[in-house]
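Peer 1: From first to last, the protein sequence lines are chains A and B.
UniProt numbering puts the first sequence at residues 1 to 312.
UniProt numbering puts the second sequence at residues 1 to 745.
These are calculated hints, taken from the structure and not from any lab test.
Owing to the predicted nature of the structure, the values given are computational and were not obtained by experimental measurement.
Treat the hints with care, since some could be wrong.
To be verified - Part of the chain B face toward chain A, derived, beta carbon under 10 Å: (1) Ile119; (2) Phe374; (3) Tyr378; (4) Pro385; (5) Cys400; (6) Gly403; (7) Ser571; (8) Ile625.
Quick reminder that beta carbons are idealized off the backbone N, C-alpha and C, glycines included.
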Amino acid sequence: MSLHRYNSVFVLIFINSYAFGVFDAVNVTAPVSATTPQQAPSYVSPGSSAVVSPVVFKPAVEPAFSVALRSSFPEDLEVSEYCAELLRLFGQRYVAFVDCLVPAARPVKVCQNCFPEYHSLSEVFLNISSDQMGPGNVSCRDSILRSDRLMLVFLLNSNMDTIWQRSNCIQCVKDLSGPNNDTLYYLTLLNQTITCFEKYKQGNLTELCKNCKDAYKRLNDLYSRMEGNKTLCIDLEDAMNVTRKLWSKNFGCSIPREETIPVIAVSCFMLFLPIIFYLSSFLHSEQKKRKLIHPNRAKSYASLMNIQDKRS
Amino acid sequence: MANITKKVSWSSRGDESGPAGEETPLLNGSEQSRPLTQVHQVLRSTLRGRPKEIPHNEKLLSLKYEVKPVASKIVIFSIIGSMRTSQCLIELIRASFLASLTHIFSDIVKFTEAGGLSISLILWVVLNCVFVMLGAIMVAFFEPIAAGSGIPQIKCYLNGVKIPRVVRLKTLLVKVLGVICSVVGGLAVGKEGPMIHSGAVVAAGVSQGRSTSLKRDFKIFEYFRRDTEKRDFVSAGAAAGVSAAFGAPVGGVLFSLEEGASFWNQMLTWRIFFASMISTFTLNFILSIYHNKPGDLSNPGLINFGRFESEVMEYNLYEIPLFMGMGALGGMLGALFNVLNYWLTIFRIRYVHRPCLQVMEAMLVAAVTATVAFIMIYFSTDCQPLGPDHNEEYPLQLFCADGEYNSMATAFFNTPERSVRSLLHNPRGTYNALTLGLFTLTYFFLACWTYGLSVSAGVFIPSLLIGAAWGRLCGILLTWADPGKYALIGAAAQLGGIVRMTLSLTVIMVEATGNVTYGLPIMLVLMTAKIVGDYFQEGLYDIHIKLQSVPFLHWEAPATSHWLTAREVMSSPVTCLNRIEKVGTIVDILSNTSTNHNGFPVVAQVSADDEPAKLCGLILRSQLIVLLKHKVFVELARSRLSQRKLQLKDFRDAYPRFPPIQSIHVSQDERECMMDLTEFMNPTPYTVPQETSLPRVFKLFRALGLRHLVVVDDANRVVGLVTRKDLARYHLGKHGLEELQLAQT
Numbered sequence: 001m002s003l004h005r006y007n008s009v010f011v012l013i014f015i016n017s018y019a020f021g022v023f024d025a026v027n028v029t030a031p032v033s034a035t036t037p038q039q040a041p042s043y044v045s046p047g048s049s050a051v052v053s054p055v056v057f058k059p060a061v062e063p064a065f066s067v068a069l070r071s072s073f074p075e076d077l078e079v080s081e082y083c084a085e086l087l088r089l090f091g092q093r094y095v096a097f098v099d100c101l102v103p104a105a106r107p108v109k110v111c112q113n114c115f116p117e118y119h120s121l122s123e124v125f126l127n128i129s130s131d132q133m134g135p136g137n138v139s140c141r142d143s144i145l146r147s148d149r150l151m152l153v154f155l156l157n158s159n160m161d162t163i164w165q166r167s168n169c170i171q172c173v174k175d176l177s178g179p180n181n182d183t184l185y186y187l188t189l190l191n192q193t194i195t196c197f198e199k200y201k202q203g204n205l206t207e208l209c210k211n212c213k214d215a216y217k218r219l220n221d222l223y224s225r226m227e228g229n230k231t232l233c234i235d236l237e238d239a240m241n242v243t244r245k246l247w248s249k250n251f252g253c254s255i256p257r258e259e260t261i262p263v264i265a266v267s268c269f270m271l272f273l274p275i276i277f278y279l280s281s282f283l284h285s286e287q288k289k290r291k292l293i294h295p296n297r298a299k300s301y302a303s304l305m306n307i308q309d310k311r312s
Numbered sequence: 001m002a003n004i005t006k007k008v009s010w011s012s013r014g015d016e017s018g019p020a021g022e023e024t025p026l027l028n029g030s031e032q033s034r035p036l037t038q039v040h041q042v043l044r045s046t047l048r049g050r051p052k053e054i055p056h057n058e059k060l061l062s063l064k065y066e067v068k069p070v071a072s073k074i075v076i077f078s079i080i081g082s083m084r085t086s087q088c089l090i091e092l093i094r095a096s097f098l099a100s101l102t103h104i105f106s107d108i109v110k111f112t113e114a115g116g117l118s119i120s121l122i123l124w125v126v127l128n129c130v131f132v133m134l135g136a137i138m139v140a141f142f143e144p145i146a147a148g149s150g151i152p153q154i155k156c157y158l159n160g161v162k163i164p165r166v167v168r169l170k171t172l173l174v175k176v177l178g179v180i181c182s183v184v185g186g187l188a189v190g191k192e193g194p195m196i197h198s199g200a201v202v203a204a205g206v207s208q209g210r211s212t213s214l215k216r217d218f219k220i221f222e223y224f225r226r227d228t229e230k231r232d233f234v235s236a237g238a239a240a241g242v243s244a245a246f247g248a249p250v251g252g253v254l255f256s257l258e259e260g261a262s263f264w265n266q267m268l269t270w271r272i273f274f275a276s277m278i279s280t281f282t283l284n285f286i287l288s289i290y291h292n293k294p295g296d297l298s299n300p301g302l303i304n305f306g307r308f309e310s311e312v313m314e315y316n317l318y319e320i321p322l323f324m325g326m327g328a329l330g331g332m333l334g335a336l337f338n339v340l341n342y343w344l345t346i347f348r349i350r351y352v353h354r355p356c357l358q359v360m361e362a363m364l365v366a367a368v369t370a371t372v373a374f375i376m377i378y379f380s381t382d383c384q385p386l387g388p389d390h391n392e393e394y395p396l397q398l399f400c401a402d403g404e405y406n407s408m409a410t411a412f413f414n415t416p417e418r419s420v421r422s423l424l425h426n427p428r429g430t431y432n433a434l435t436l437g438l439f440t441l442t443y444f445f446l447a448c449w450t451y452g453l454s455v456s457a458g459v460f461i462p463s464l465l466i467g468a469a470w471g472r473l474c475g476i477l478l479t480w481a482d483p484g485k486y487a488l489i490g491a492a493a494q495l496g497g498i499v500r501m502t503l504s505l506t507v508i509m510v511e512a513t514g515n516v517t518y519g520l521p522i523m524l525v526l527m528t529a530k531i532v533g534d535y536f537q538e539g540l541y542d543i544h545i546k547l548q549s550v551p552f553l554h555w556e557a558p559a560t561s562h563w564l565t566a567r568e569v570m571s572s573p574v575t576c577l578n579r580i581e582k583v584g585t586i587v588d589i590l591s592n593t594s595t596n597h598n599g600f601p602v603v604a605q606v607s608a609d610d611e612p613a614k615l616c617g618l619i620l621r622s623q624l625i626v627l628l629k630h631k632v633f634v635e636l637a638r639s640r641l642s643q644r645k646l647q648l649k650d651f652r653d654a655y656p657r658f659p660p661i662q663s664i665h666v667s668q669d670e671r672e673c674m675m676d677l678t679e680f681m682n683p684t685p686y687t688v689p690q691e692t693s694l695p696r697v698f699k700l701f702r703a704l705g706l707r708h709l710v711v712v713d714d715a716n717r718v719v720g721l722v723t724r725k726d727l728a729r730y731h732l733g734k735h736g737l738e739e740l741q742l743a744q745t
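Using the sequences and the accompanying hints, generate a full structural model.
Peer 2: Here it is as structure tokens:
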């Protein structure tokens, strides 16, 4: 124990002299222990191995590691009780969010299903990152978010934020109140279309194309309008993609390539026009002739004949 | 300063004072000689007066007179740069106009879904035809010189050939409106050549400080109303045009150097560079206002090839032979293009020479272009999913599944610049190999057919597009590589194979893509393309210069011409004038349409039987016309002593449209008068002895920009006259040196 206390004093001096603020325990102890191997032979190898690959060795070294952590720092450098609580809350909500996301991946229902989880997660993170003082005059922002190189909590949250932004969910789900009116209307139309598809799927497909055209067209138009307004999120886009694929590929309802013959006739006519034009201008237009001038030359070697002779 | 300069009398810049300067004639090609000798005289006289020490006096200051025109030159060059403003605006209008038209087409297709696609095809054809007809009518009936890209004409102009009406305001208007029409009309054309031409016209116009078409004279820059000065400005304008078109200021300077300016020096280079930089700046400024970000000057040029990502740009040593192979392919395709276009142009010159036929031809090309594009789109099965960030402005669905677009339609509908950009930058898998192949093939023939129509249209962007398409095809076939890189190389190879530029094109491509990394491959590719292409056929511009029968002088005399002497090259006998000549004789000589000479040696006494007479000087047709117009006759001068003397200003005011001889009325009495040419002629014309070799004569013409060179015998008697036509008729053909024939008009 005395060894450890000595060690922690050493760490304190180290920290103060370099004025690095609060250090991560692992980061600091590792170099220190490396410089004083003969003083603490007992935990050098687990400590350093924990630094190298904490994930792999975590189950094995956890007891020794936690012991080292708990005993090496004085109270004021530890994460306060309040912050630890926040951290625990963050973890729970994070897990809940991810649990929600993964099943909603295909077909994409991220925005519709997971918005409450996202909101509670971002609420906690807001608490953590706010610079307001919590109970006991502590701000968790520095101690949780900015104390080390990894900044794990920040990284996790920003990943989730990126997912939310790329999915564009904010366009469909503003806040906790749920999907907005446009989205709901769109979903109703979508449901109508799908129901229609289901209804006629078994029978003749041309029947389906005819009967569901109205519903599909309404849905398609609404989609185009929302695309113009940029009020689409990934859920709606994906649903539309699937519907369109069903409509065009599976049911084959897009515009058929008909009336080929008139198109070919018109284009043949167009393509023949230049041939007629060039032939007629070749035959009927008089050829442009140029009058030659016979230049005045000195008498002696005027013509090219002479030039050629002279050269040979 | 102004007062002092006014007192200085040696210069010929048309101030009121200075008796010697006023009557200094406009010399051809040797303007510098008179002022310089006078400076020497001035200096010598001062030296003689005060032998040892020369106190500060006003006459010594006279050398500083050069400062004034230089300063105003810089001003003009910057104006030239910024006059691109108007063109940028026109460009932007055109761009938005075009976009809305494409939109209209997609709407047509949408609304005619019920009525049938053949209807929409006809509508489209008619729409295109109408626009192209407008453009073609403007060009064919109002200003035929505005046809084509304009680069051959500018090249000739800078070479020293006087091409009528090439830098007129009317040409500029027709050119700009015509290019809008032909691009909107959907022809396979670009707008870069016309932009370069119009840049040159703007430069020429601004430097003259007046417009004869608008009958406005702003009384500025009179000093520059001369051919040599104007030529400098035109080359600066062309450079500014390139720099605005491609966002490549250095490329613009090198373009002027490579394609144009025959008379080149360091100061001119700097000024041209200055003009191009100002041009880029102005363009950026206008664009920043257009994009609602005033003050943001980092916009690239109007044709923006986009920036390459750095990891895409990596290339390896083993790829260089591949690139050079593509260069060779580009050279061959370019030569094919040129051969086809050569035959077509010959046919056009021979048979399609009436304006109404030309308009019809242009309309037919527009119709066929639209039809071919429509057929390709109609039968294309290449559907691509719409990306989240639309690269395509107006994706056309047609027969594709919902949520997908027809990529052939995109290739045809986008503006060519945009297509080039998407060929260069779109990720692998955007284009189908079959689509690209078909597109290249049709666009190649369409572009070849279109160039040479009587619409104003350039060939830069079509060739870039063809090249980028087959280059990307190569990239797709080489499965490991990034196709965009190969598209760039292909574009360079194709363009190099068609126009055969090396230096300026390398720099333009490097600057337009904003990446120096590819300098070496592009250079190698362009070199290969040029070497391979030259083996088969000349460059497109040279072909067109040749077909216009322009006496164009290349850099060097033909290789095997050493044994030709001035005696064999010159025209003889020469129409000479006496120092004091009868007005009637002059009018008769000038009115003789069969000869239509432009420069006349002035001799001591013309003998009756064509005996050579002693040379005194050289006088130009334009000068004689001004003299006749102002009736500077010996008899009149005697009778009316108070008459004001003819000044240099009178010659400048007449420039560049000297009235034809028919418009000058000379009465029967006046025909008997005499004219004293002594004070108006160039007393020191360039002369060569009879035995001078052709390459030497050639060098003189090329280096000094001469138009007439008097050939004299050992007693300084005129035996002949060499003009550009006499030199340009020799060229190296398949069977050694060949002589071209001269034709009228």
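Peer 1: Indicate, hint by hint, whether the structure satisfies it.
Peer 2: Hint by hint, here is what the structure shows:
| no. | hint | result |
| --- | --- | --- |
| 1 | Ile119 | holds (9 Å) |
| 2 | Phe374 | holds (7 Å) |
| 3 | Tyr378 | holds (6 Å) |
| 4 | Pro385 | holds (9 Å) |
| 5 | Cys400 | holds (7 Å) |
| 6 | Gly403 | holds (4 Å) |
| 7 | Ser571 | holds (5 Å) |
| 8 | Ile625 | violated (23 Å) |
In this structure, only the earlier hint numbered 8 is contradicted, and the remaining ones agree with it.
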